[in-house]
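On the provided structure of chain A, position chain B as indicated by the hints.
Given next are the chains, with one letter for each unit.
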Amino acid sequence: MNELLKKAIDKIRVLPDAEQNAMAALMLERLADGRQRDKTFGHPWISPLRSRPPEPPEVSEGEDLEATPENAERISRHIKALVEASCVPEARRIVSEIRPGVSEKLDYWKKVLAKPVARLAGPGSGGDMRKDMMWIENNADDYKGRWVALRNGVLLGNHESRVELRQILRQSGKLEKSFFVWIGNGGL
Amino acid sequence: MRSWRVTVAVRCRIERLESSLALLDTGAEWSVIGGDIAAEIRDEIGQPIESSRMRTHLGSIDGSLHHVNITLLAGEEDSGDDLTVETTSFVSEEWEGPVVLGYRGFLERIRFALNPGVVPGEQIFYFGLAE
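Going down the list, the sequences are from chains A and B.
6 is the number of the first residue of the first sequence in this note's numbering; add one for each residue after it.
2 is the number of the first residue of the second sequence in this note's numbering; add one for each residue after it.
Quick caveat, the hints were computed from the structure, so don't treat them as lab data.
What you are looking at is a predicted structure, and each value in this text was computed from that prediction instead of being measured.
One or more of the hints may lead you astray.
[Said to hold, decoys possible] In silico DMTMM-like pairs for lysine to aspartate or glutamate, Cα to Cα no more than 20 Å straight-line:
(1) A:K116 / B:E45
(2) A:K182 / A:E169
(3) A:K182 / B:E97
Isolated chain B (complex conformation):
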């Protein structure tokens, strides 16, 4: 796997896998899931009906759009509820970057806000239903 810089990292769960970090990217057309995670959820999301090619800054990759359940996790102790979005994500085992939470099929259906925090460790990502 390659190294990458995750500027805005959000904790989430892909399908029923354990939680991990994803890059929040409002400039991304679609959410992107790759590498080991793509391989692990293949049975749950099914075989692709139509394949596509995406150009990324890591090179062009082949993959396909799938419905994937992505759950944003709230911390415990009165931090609110987890939120699951049945997203459309671009899934490609060739993608060696982080999980990307993009606009279409994900961010467009939730309300969210970022508090960058005054001191390190105080950053907060707020999220909720849009309707």
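Only chain A is shown next, with the shape it has when bound in the complex:
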């Protein structure tokens, strides 16, 4: 066994059981078919347990990341790899140093990685949410597997398809200030 592998195993041994299991699952997934799998986003339900932030993709020594139309595609792939490895702060740092107009893809990354903008949007328009939630609590069992549309605790319509339900309510003039809820087969 080589020294690097021994060090890794020693570090894993001192982790709590849950993190040991998570590390083992990650390694087995990557090695399952003998090939390195593509890196993907962390999924939105459970973040993988790790004792330190993920390592960003390596950049070759001397690799030029100054953005030009000639290397724009390579830089775009690098940014995409960083984003997919959840290294968003590093990706943001890189795009902040790129001027607009180098390429369509780099302009896209500049746009989607920019910090979001928040603004107030006028007086509250949510209506009486308690009445809607009470309706759901009392009636959800009768509408499993369907979208329901409510307004202030009153049922406006229901359908398997949200698109169809919108169309029905639009045609009947009931769409304004409606609240759409999907009632799953297990309830809300």
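For chain B alone, coordinates are given in the frame of chain A:
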């Protein structure tokens, strides 16, 4: 569509669609929008420039990051103002779960707090501008 459990549900509006519930998930890297809602807002958010693949507990899905306006709704009667965030969200018509409000591109730019309530029906989600 699949069934899912929404542990912390927040009422919001995606672009100009009618309000619906979203899962508040501080552990999610990005907000996620899928299914019918993704199809309905496609004209407003434009075609994807770059596609990506996300691993979720419902399986891997293909999609892309887009700017999407998501508005948190305050109740009427002195509950405050609605708040719109021009978010970056992962949009995928393959995603069969609920709308997810994640950290990057959304929660990181607002102040929020949860009051789980002592009795059912008393839960409150507080939100406001961060700056």
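Right, here's what the structure says about each hint:
1. Taken as a hint, the A:K116 and B:E45 pair is honoured in the structure, with Cα atoms around 16 Å apart against an allowance of 20 Å.
2. A threshold of 20 Å between alpha carbons decides the hint, and for A:K182 with A:E169 the separation of about 17 Å falls inside it, so the pair holds.
3. A C-alpha spacing of about 25 Å is found between A:K182 and B:E97, which places the hinted pair above 20 Å, so the restraint is violated.
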